[in-house]
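Q: The listed protein sequences correspond, in order, to chains L and P.
If you use the working numbering, the first sequence corresponds to residues 3 to 234, in order.
If you use the working numbering, the second sequence corresponds to residues 3 to 234, in order.
By construction, these hints were calculated from the structure, which means they are not laboratory data.
A few of these clues could be false.
Any copy will do: because identical chains look the same in the list, a pair fits if it lies in one copy or spans two.
As the list claims (entries may be wrong) - Taking lysine-lysine pairs in the DSSO-like style, the calculated list, with each CA pair at most 27 Å apart, reads:
1. 173 with 54
2. 173 with 210
3. 129 with 210
Number of protein chains: 2
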Amino acid sequence: MTSTRERILATSLELFNREGERNVSTNHIAEALGISPGNLYYHFRNKSEIVKQLFLRYQTTVEAFLQVPNDRPLTWQDKVGYFEAILQSIWGARFLHRDLGHLLNQDEELQDQYREFVAISIERGLKVYEGLRSSGLLEASDEDMKALLVNTWVMAASWAMFVQSLVPNEKRSDELDRTLLRQGIYQIVCLEGPYLRGEAREHLEAMKARYGSSEGTIGLLFGELALTTVTT
Amino acid sequence: MTSTRERILATSLELFNREGERNVSTNHIAEALGISPGNLYYHFRNKSEIVKQLFLRYQTTVEAFLQVPNDRPLTWQDKVGYFEAILQSIWGARFLHRDLGHLLNQDEELQDQYREFVAISIERGLKVYEGLRSSGLLEASDEDMKALLVNTWVMAASWAMFVQSLVPNEKRSDELDRTLLRQGIYQIVCLEGPYLRGEAREHLEAMKARYGSSEGTIGLLFGELALTTVTT
Numbered sequence: 003m004t005s006t007r008e009r010i011l012a013t014s015l016e017l018f019n020r021e022g023e024r025n026v027s028t029n030h031i032a033e034a035l036g037i038s039p040g041n042l043y044y045h046f047r048n049k050s051e052i053v054k055q056l057f058l059r060y061q062t063t064v065e066a067f068l069q070v071p072n073d074r075p076l077t078w079q080d081k082v083g084y085f086e087a088i089l090q091s092i093w094g095a096r097f098l099h100r101d102l103g104h105l106l107n108q109d110e111e112l113q114d115q116y117r118e119f120v121a122i123s124i125e126r127g128l129k130v131y132e133g134l135r136s137s138g139l140l141e142a143s144d145e146d147m148k149a150l151l152v153n154t155w156v157m158a159a160s161w162a163m164f165v166q167s168l169v170p171n172e173k174r175s176d177e178l179d180r181t182l183l184r185q186g187i188y189q190i191v192c193l194e195g196p197y198l199r200g201e202a203r204e205h206l207e208a209m210k211a212r213y214g215s216s217e218g219t220i221g222l223l224f225g226e227l228a229l230t231t232v233t234t
Numbered sequence: 003m004t005s006t007r008e009r010i011l012a013t014s015l016e017l018f019n020r021e022g023e024r025n026v027s028t029n030h031i032a033e034a035l036g037i038s039p040g041n042l043y044y045h046f047r048n049k050s051e052i053v054k055q056l057f058l059r060y061q062t063t064v065e066a067f068l069q070v071p072n073d074r075p076l077t078w079q080d081k082v083g084y085f086e087a088i089l090q091s092i093w094g095a096r097f098l099h100r101d102l103g104h105l106l107n108q109d110e111e112l113q114d115q116y117r118e119f120v121a122i123s124i125e126r127g128l129k130v131y132e133g134l135r136s137s138g139l140l141e142a143s144d145e146d147m148k149a150l151l152v153n154t155w156v157m158a159a160s161w162a163m164f165v166q167s168l169v170p171n172e173k174r175s176d177e178l179d180r181t182l183l184r185q186g187i188y189q190i191v192c193l194e195g196p197y198l199r200g201e202a203r204e205h206l207e208a209m210k211a212r213y214g215s216s217e218g219t220i221g222l223l224f225g226e227l228a229l230t231t232v233t234t
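Throw the hints in and build the complete structure from the sequences for me.
A: Given below as structure tokens:
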């Protein structure tokens, strides 16, 4: 039997992802669960507490998959595993990615938490890249590898917001959102492309095709979706 | 003699950049100018109208420099020129970059305007990359060039927000902000690095050094600035 606290978190996550956090009040959440606002407040003082708890879970998920196995070298399949994990984690907490500025702006505690999360992720991400380099799947100087990691991070962290800002409300759907998030992984694969070697290089085209295409990004965002015909 | 309308725009831009748009009311703006709120409302119905006008000017600036000369091939100095122009335009309208989600969320007209701006910029950016390729400064398939352009765009558009979310309020200063924005250009130079050829390749290290270093980004964001000691 799922506890009320767990049900509040699950329902809030679902509503935030679907409607956007700023469009969902604690009253909406209580109503969706069929509980009284008082019961909800018993578990969470306010909406910020729910957001912080959901962020903590997101952080735990990400830190869990940003690991390098101790007992064997990394393979190109591991690379796909990381991409899939990134995609799932962004999709599962897309309300955070889409509206991070707003969420951080209204909560200093969340700011501190986020700062720590980014620092830890950058540190772990660097270990993953070092693991790929040791396995001969990536070739880059320390400097280029760090720049690549920062670029990969910013892309992963910003893509959902970028896409969000370009899709008109009336065209939004879960299916389109999923396709566009996959295009974000495509963009990251392209970022890494020039540095891949060995098996990872051999599977580069397959990895790209798995997530999208350049025409895909541009077509989705500026073709079908464009409201106005652009003439320059 | 500068018109009141111009003075309102200049002062608003300065205050928005310094304090953040959401912390500046039309009353603040009127007060800073020594005019009555009524006088301000005579020129702009509300703060959104001021933001939209400032966005339009930003858009005009960016579209003006995203041009390829008709009469000669592009040189690596042109590349530096584009970077400087990107840097200046982001710095000049940093309130937009830092808080874009918030600004777009509250104004559908601005959303449409932004969508058109991105579509035009992507189209022009592609022409710049094509120009660099024709001049032998860049080597990439059409597909890789489009992916590179989208990545460059997302980095340029998102960097200021990324950095903003990681610098605690009490450590913020114009000097630090400028240094961090320069690091954003460094990140873009690194993005393009593997595709550069000829003179652009020869000047790659100089271009990187002009804007920062990998240690620079990581040190600034996760070394000196980190609030907590991260242990993984």
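Q: Since the copies are identical, ignore which copy is meant and state whether residue 129 and residue 210 lie within 27 Å (CA to CA) inside a copy, between copies, both or neither.
A: both (23 Å within a copy, 24 Å between copies)
Q: Is the C-alpha distance from residue 173 to residue 210 at most 27 Å within one copy, between copies, in both cases, or in neither?
A: For residue 173 and residue 210, the Cα distance is within 27 Å only inside one copy (26 Å; across copies 40 Å).
Q: Checking an output row: residue 173 and residue 54, CA cutoff 27 Å. Within, between, both or neither?
A: Intra 30 Å, inter 24 Å, cutoff 27 Å: inter-copy only.
When held up to the earlier numbered hints, the structure conflicts with none and fits them all.
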